[in-house]
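*Asks:* Following this note's numbering, the numbering of the sequence shown begins with 145 at its first residue and continues without gaps.
Honestly, the hints are just simulated from the structure, not real lab data.
Because the structure is a prediction, the values reported are computed rather than measured.
Careful: at least some of the hints might be erroneous.
[As the list claims (entries may be wrong)] Label pairs and their computed distance ranges (CB to CB):
id: 1; residue 1: S234; residue 2: D325; range: 18 to 24 angstroms
id: 2; residue 1: G203; residue 2: W478; range: 20 to 26 angstroms
id: 3; residue 1: G290; residue 2: L342; range: 38 to 44 angstroms
We put the CB at the ideal spot given by N, CA and C, even for glycine.
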Amino acid sequence: MKELKAMFDLERHNTFKMKVKAQNGLFINTAEDLAKLDTDKYLILGSGSDVLFVDDYSGTVLINAIKSLEIKHEGNFYKVRAGGGILLDSLISELVAKGAYGLENLSAVPGTVGAAPVQNVGAYGAEIGDYIESVEFFDLSTKKAGKLLKKDCLFAYRHSIFKEDLAKSWFITYVNFSLPDTFTPNFTYKGIAEEGLLSAKAVRDKIIALRSAKLPDPKLVGNAGSFFKNPIVDKDTVEVIKSQYQDVPVYPFADGLYKLAAGWLIDRAGCRGITQGNAGTWEHQALVLVNRGGARPCEIISLGKYICAKVKEKFAVDLYPEVRLIGKDGEVFWQDL
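Please put together the full structure from these sequences, using the hints given.
*Replies:* As structure tokens, this is what we get:
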């Protein structure tokens, strides 16, 4: 564990490329590093691909750099123990090559293994929680290690127990997966339900191509992927929208509710490819807010609020951010900005 100088520059540690700083920064290379910490104000960070810093952070940023990996073949499954600091896509690449299947639909999703369970990241019909066996963590408040089985992680759409207040002090050290050694394609997303995808490698390559075609590379254009969650609405709301737009994408959710495509709503509200100041929405996917160069946090927020207002005005549907919003003292709520 190497301590960095005061006023740690966070620009390289958030994919939105916000020019923000933290009071201090620490790279956590092993679980043992966590027991040595002496700070009561901290922010846990992976690759910064799911956050928007709205201000400088006045505490210590703890960057997950635990990268050890164990892969064991047991029966018809691969048991995988992956360090929280490993890039998720790098892990998926290695697993597909070894014949461990299930995560290929999450190919090219940015971020680290440790951050993935927090949001229960999902893409192209798959969610990471479907393949997690358990999650190991270190509780920074009690200085004790813990472990949660899948059933206790409370995985749901873009949610898990790790987003709840009781888990704010939990630093995810390792994620344990159980992955079958037989490939069963997940073609629930119509964009990959086509002939010719007969292997996990073919599915992975197809998804990488799809994402590259419609999403900006965060190495080139500052962004945090999908900025808003897909809204969950009731049947009456769906029927009202369908009466005007027969092509609205609607997906059954749970308990008689439905999921709408936020990108479609934003597009139809006239917000795809727009620019306000140095912030904008991506020309090929309206759900992605981008830093067009030198954008300040207030410009991203202002654009996001404008989009919410336009969608509300046109469809009577509320949008809420999928990204985490981090202010001077930690996570903040969208409605308070």
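*Asks:* Indicate, hint by hint, whether the structure satisfies it.
*Replies:* Against the structure, the hints:
no.	hint	in the structure
1	S234 - D325: 18 to 24 angstroms	holds, 20 angstroms
2	G203 - W478: 20 to 26 angstroms	holds, 21 angstroms
3	G290 - L342: 38 to 44 angstroms	holds, 41 angstroms
This entry satisfies every hint, going by the numbered hints stated previously.
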